[in-house]
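Asks: Here the protein sequences come in this chain order: S and U. Each residue of the first sequence is one higher than the last, beginning at 616 in the working numbering. Each residue of the second sequence is one higher than the last, beginning at -13 in the working numbering.
Hint data in this document are derived by calculation from the structure and do not stem from the laboratory. Take these hints with a grain of salt, some might be off.
With a straight-line cut-off of 30 Å between C-alpha atoms, the simulated DSSO-like cross-links for lysine-lysine are [as the list claims (entries may be wrong)]:
#, chain 1, residue 1, chain 2, residue 2
1, U, K229, S, K671
2, U, K148, S, K670
3, U, K229, U, K130
4, U, K160, S, K750
5, U, K38, S, K745
6, S, K671, U, K38
7, S, K746, U, K55
8, S, K750, U, K55
9, U, K160, S, K746
10, S, K671, S, K745
11, U, K61, S, K746
12, U, K148, U, K55
13, U, K38, S, K670
14, S, K671, U, K61
15, U, K148, U, K70
16, U, K160, S, K745
17, S, K671, U, K233
Cβ pair distances, simulated, as ranges [to be verified]:
#, chain 1, residue 1, chain 2, residue 2, range
18, U, G206, S, N738, 47 to 53 Å
19, S, K746, U, T221, 45 to 51 Å
20, S, S663, U, D43, 41 to 47 Å
21, S, K712, U, F36, 35 to 41 Å
22, S, P737, U, E48, 34 to 40 Å
23, S, L744, U, D188, 44 to 50 Å
24, S, S711, U, K45, 58 to 64 Å
25, S, P740, U, D43, 37 to 43 Å
26, S, P740, U, E51, 29 to 35 Å
27, U, T40, S, Y662, 29 to 35 Å
28, S, T666, U, K38, 26 to 32 Å
29, S, A675, U, R39, 17 to 23 Å
30, U, R39, S, P716, 40 to 46 Å
31, U, S196, S, P737, 40 to 46 Å
The model shown is predicted, which means the values in this text are computed figures rather than measured ones. All residues carry an ideal CB built from backbone N, CA and C; glycine is no exception.
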Amino acid sequence: MPKKKGKKKVKSKEIKGQLGKKKETAREKMIGQTIGYRYDVNLLPDYSRLTPFLKKYIEAMGWDDLNWLEDVHMGYEENRPAVFDRNANGWVTIPSKIKLPNNQQDRDMIARELLVKFQMSPNHPLVDLKKAYLKF
Amino acid sequence: MANLKTSEKKTKAQSMGLHSEVLTGKTQQKFFNPDEAENFYYFGTYDVDFNKRTEIDVKNMECREANKKIDELMKDGYGTIVIKNPQGKHSLGVGILNKLNLIFEGSLGYFGCGSMDGPIVRINGRVGWSCAENMMAGKVVIEKNAGSCFGAAIRGGDLICKGSVGARTGIDQKGGTIIIGGDAGAFTGFMMQRGRIIILGDVGINLGDSMYDGTIFVGGKIGSFGSDAVEAELTDSDQDWLKRKLKVAEIGENFDVSKMTKVVAGKKLWNYDALEPTEKKGAI
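One chain only, chain S, in its complex shape (with noise of 0.2 Å):
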């Protein structure tokens, strides 16, 4: 009796880019582009969600608002949620203990306050090059 050839799996390939050619995030629907970073860096913060370090960070500051930290997004590095600080010029990886909401507007949140933190630790690599460096 002959053999019954079994079906070859076919493996999907994935596209990348363009629109309508990949599953899209709901955000990329919206707003009807291709998210090119791994998250959307022109999401606008909900001030809904602000956390009580932040609101105490912007009166220190004297502003009204997140100021510079609108631009501060969750991103992922290796894999990992991270942080871009851009005065050590490096991506800032969120401790695996620190659970994360699902949610992209709180995780900004997230990462808007331990990148202040972590800003004015005295850990900070720049602490170390300003006083090795700082000339006036």
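Add chain U to chain S, keeping to what the hints say.
Replies: Frame of chain S; chain U shown alone:
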């Protein structure tokens, strides 16, 4: 420290002869410590008090002398400094990396308030070319008009001009928000990569030419769109944010934001998908 190592797997770029090595260790192995204290103080900055106020007359001072004087006053803890008679001097109020309330009683020349990181500046006059160039954070409010290249290459913060601005506003912008109460010239948002520009009045030709990313909101007429600038749908979240931002900017509080035009990058200039994942990260 980054190390070089030979890549075993040939990538598309390597087979084209672009390079034969990859950089490793580029990522800083830094982790957040969730228990960091709340001190609201950046290392190396001065602890100033906003209620401690002083004035300086810079009429007979060179810009270097005036900027040094501002630094000395911050060192003494002054959090509010009023500059009298700036008389259109160039490069005043540059390189302030501190929280501060700075008020100019008059107009500034070229490159005023450049490379700042944190202060709140109010200019009761006009500004020349490239005001607040490379600003990192803070807020600058200009009561009258501004020259060309307003907010060139800003990376963060709010830059507000209550009057009209010249050409190439927000050229090479990499973050932050530029708000213009009046009209803007040609090539506004030229090569912008990130951030937001709000124009309540009309804008000249080639709006958002060669923009890679970011968003431009226009309340008036648009001369013409630049290469790769396209109109997008104005969402509810955009409108909420615009209302809030205009309130902060002290202009256009009653402006009907629902009629604004939103302009984004068409992303035809994007070639990131052809890059390797590591290169893609570098491009962000």
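Asks: If a hint holds in the structure, say so; if it doesn't, say that too.
Replies: Evaluation of the provided hints:
| no. | hint | in the structure |
| --- | --- | --- |
| 1 | U/K229 <-> S/K671 | 23 Å, holds |
| 2 | U/K148 <-> S/K670 | 27 Å, holds |
| 3 | U/K229 <-> U/K130 | 22 Å, holds |
| 4 | U/K160 <-> S/K750 | 27 Å, holds |
| 5 | U/K38 <-> S/K745 | 27 Å, holds |
| 6 | S/K671 <-> U/K38 | 21 Å, holds |
| 7 | S/K746 <-> U/K55 | 23 Å, holds |
| 8 | S/K750 <-> U/K55 | 17 Å, holds |
| 9 | U/K160 <-> S/K746 | 29 Å, holds |
| 10 | S/K671 <-> S/K745 | 26 Å, holds |
| 11 | U/K61 <-> S/K746 | 18 Å, holds |
| 12 | U/K148 <-> U/K55 | 28 Å, holds |
| 13 | U/K38 <-> S/K670 | 23 Å, holds |
| 14 | S/K671 <-> U/K61 | 24 Å, holds |
| 15 | U/K148 <-> U/K70 | 21 Å, holds |
| 16 | U/K160 <-> S/K745 | 25 Å, holds |
| 17 | S/K671 <-> U/K233 | 20 Å, holds |
| 18 | U/G206 <-> S/N738: 47 to 53 Å | 49 Å, holds |
| 19 | S/K746 <-> U/T221: 45 to 51 Å | 46 Å, holds |
| 20 | S/S663 <-> U/D43: 41 to 47 Å | 46 Å, holds |
| 21 | S/K712 <-> U/F36: 35 to 41 Å | 37 Å, holds |
| 22 | S/P737 <-> U/E48: 34 to 40 Å | 37 Å, holds |
| 23 | S/L744 <-> U/D188: 44 to 50 Å | 46 Å, holds |
| 24 | S/S711 <-> U/K45: 58 to 64 Å | 59 Å, holds |
| 25 | S/P740 <-> U/D43: 37 to 43 Å | 41 Å, holds |
| 26 | S/P740 <-> U/E51: 29 to 35 Å | 34 Å, holds |
| 27 | U/T40 <-> S/Y662: 29 to 35 Å | 34 Å, holds |
| 28 | S/T666 <-> U/K38: 26 to 32 Å | 30 Å, holds |
| 29 | S/A675 <-> U/R39: 17 to 23 Å | 18 Å, holds |
| 30 | U/R39 <-> S/P716: 40 to 46 Å | 43 Å, holds |
| 31 | U/S196 <-> S/P737: 40 to 46 Å | 42 Å, holds |
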